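Enquirer: Work the whole structure out from these sequences, hints included.
So the number in our numbering is just where the residue sits in the sequence shown, counting from 1, plus 617.
Rather than coming from a laboratory, the hints here were simulated on the basis of the structure.
One thing to keep in mind: the hints can contain errors.
[Said to hold, decoys possible] As a list, the in silico DSSO-like pairs of lysine-lysine whose alpha-carbon atoms are at most 27 angstroms apart:
#1 K815 to K974
#2 K693 to K868
#3 K815 to K935
#4 K702 to K692
#5 K917 to K666
#6 K938 to K878
#7 K823 to K702
#8 K834 to K868
#9 K666 to K647
#10 K972 to K935
#11 K834 to K702
#12 K834 to K878
#13 K938 to K954
#14 K815 to K666
#15 K834 to K815
#16 K648 to K922
#17 K954 to K834
#18 K648 to K666
#19 K838 to K974
#20 K972 to K997
#21 K917 to K999
#22 K647 to K922
#23 K999 to K954
#24 K972 to K954
#25 K974 to K999
#26 K644 to K740
#27 K834 to K974
#28 K935 to K999
#29 K740 to K692
[Unchecked claim] Just the calculated beta-carbon pair ranges, DEER-fashion:
#30 E802 to E921: 50 to 56 angstroms
#31 S707 to P1004: 43 to 49 angstroms
#32 M835 to S659: 18 to 24 angstroms
#33 K917 to K834: 54 to 60 angstroms
#34 D909 to I867: 20 to 26 angstroms
#35 A991 to K838: 50 to 56 angstroms
#36 V930 to F973: 18 to 24 angstroms
#37 K692 to P667: 33 to 39 angstroms
#38 I867 to E716: 50 to 56 angstroms
#39 K922 to F973: 29 to 35 angstroms
#40 I867 to S665: 39 to 45 angstroms
In this text the structure is predicted, and so the values were computed from the model without any measurement.
Idealized CB from N, CA, C, for every residue including glycine.
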Amino acid sequence: MRIILFTGKGGVGKTTLSAATALLAAKKGKKTLIISTDAAHSLSDIFSKPLTNHPRQILPNLYAQEVDALEQLEKKWGEIQSYLKAFLASQGIDSIEAEELSIFPGMEELFSLMEIRHYDRQKEYEVIIVDCAPTGDTLRFLSAPEITQWYLRHIFPLQRTAAKAVRPVANRLLPFPFPEDSLFEAIKNLTSQLAEMKTILADLTKTSIRLVVNPEKMVIKEAQRAFTFFYLFGYNVDAILVNRLLPPNIKDDYFQFWKIKQQENLSLIEECFSPLPILNVELFDQEIIGLDLIEDVAQKLYQEKDPTEIFFVQAPLKIDKINHGFELSLDLPFVDKESLSLSQNGEELTIRVGKFKRNLILPNFLARYNLQEARFEQNKLKITFTPP
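Expert: As structure tokens, then:
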């Protein structure tokens, strides 16, 4: 299966380009499903067909779905949320506030994204295209598998066997409800699903992200921040898609300044994101709605390329054996050294890049080693671990 996630700053045209990619993949004979995980769904508008939480056939080999985040949240988080609400209520927290506090940031988007896991296991489709939310929300839900696993490990650390032994006494003495066995089972299942989801998203042989940009400096800056984040969390970006370039046949004086600025910014994009492939598509003279126009966009964007090809692969993180221990290398483009910090607590390595933070669980063999030094050279964070 091939999985491609599309994201970008709000309004850059990611829905258009994700729909174009899905349509072209289907036209090439691959059974394709395009999923919208954006709360503000637009797939039904661009295809001019009503869509629901279940796949609907648009064309032979092409299916579309707009995920109902609340339904997915209830299905995956319902039992755990019920316990959290009961616990918070026992501490005197208002029921409405307890409802809000029992859902962690990014969770609705996360459970929408977990549809990918369902289809990956089902093997019904050859290609999954994901029309993600704008960049900020995408950053939240792509970090959510690790963050939610961290919460589950730290909030529910008590072992199930121990809980069973102390529950009769605890229910009489503690001022809050003690977890039932079913809750531990739900946590175990969810933790396993999150780990599986993370593995799918970070699989360089099947999954990649395509960043959609317009040739504007603010959009480019946001794409750079997103690109850094994706590398921090181990996700592969295989192409930058530049949308809405003014076509060369526009000669009106009114647009000359914009054409010059766009060419300058296109050069900036190529400079910033090299060696990633840069795919361009010009601004159309009308709104892109309907299958014919979507196909026109696809042909101009990909030309002779197979849209499902992995255009670029670079493993963001690797571990090498060195003379005096091991070296962990992590690509971090567009990062200032001053914004970096890291710490180690046993098997957990915490890396901070500005406002982003990743809690990286080290392999067992590396967790026993000491963090000796860290260097930031040529857009790479290099961390040396030595024997205790």
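Enquirer: Run the structure past the numbered hints and jot down the numbers of the failing ones, going up.
Expert: 2, 6, 7, 11, 14, 15, 21, 33, 35, 37, 40
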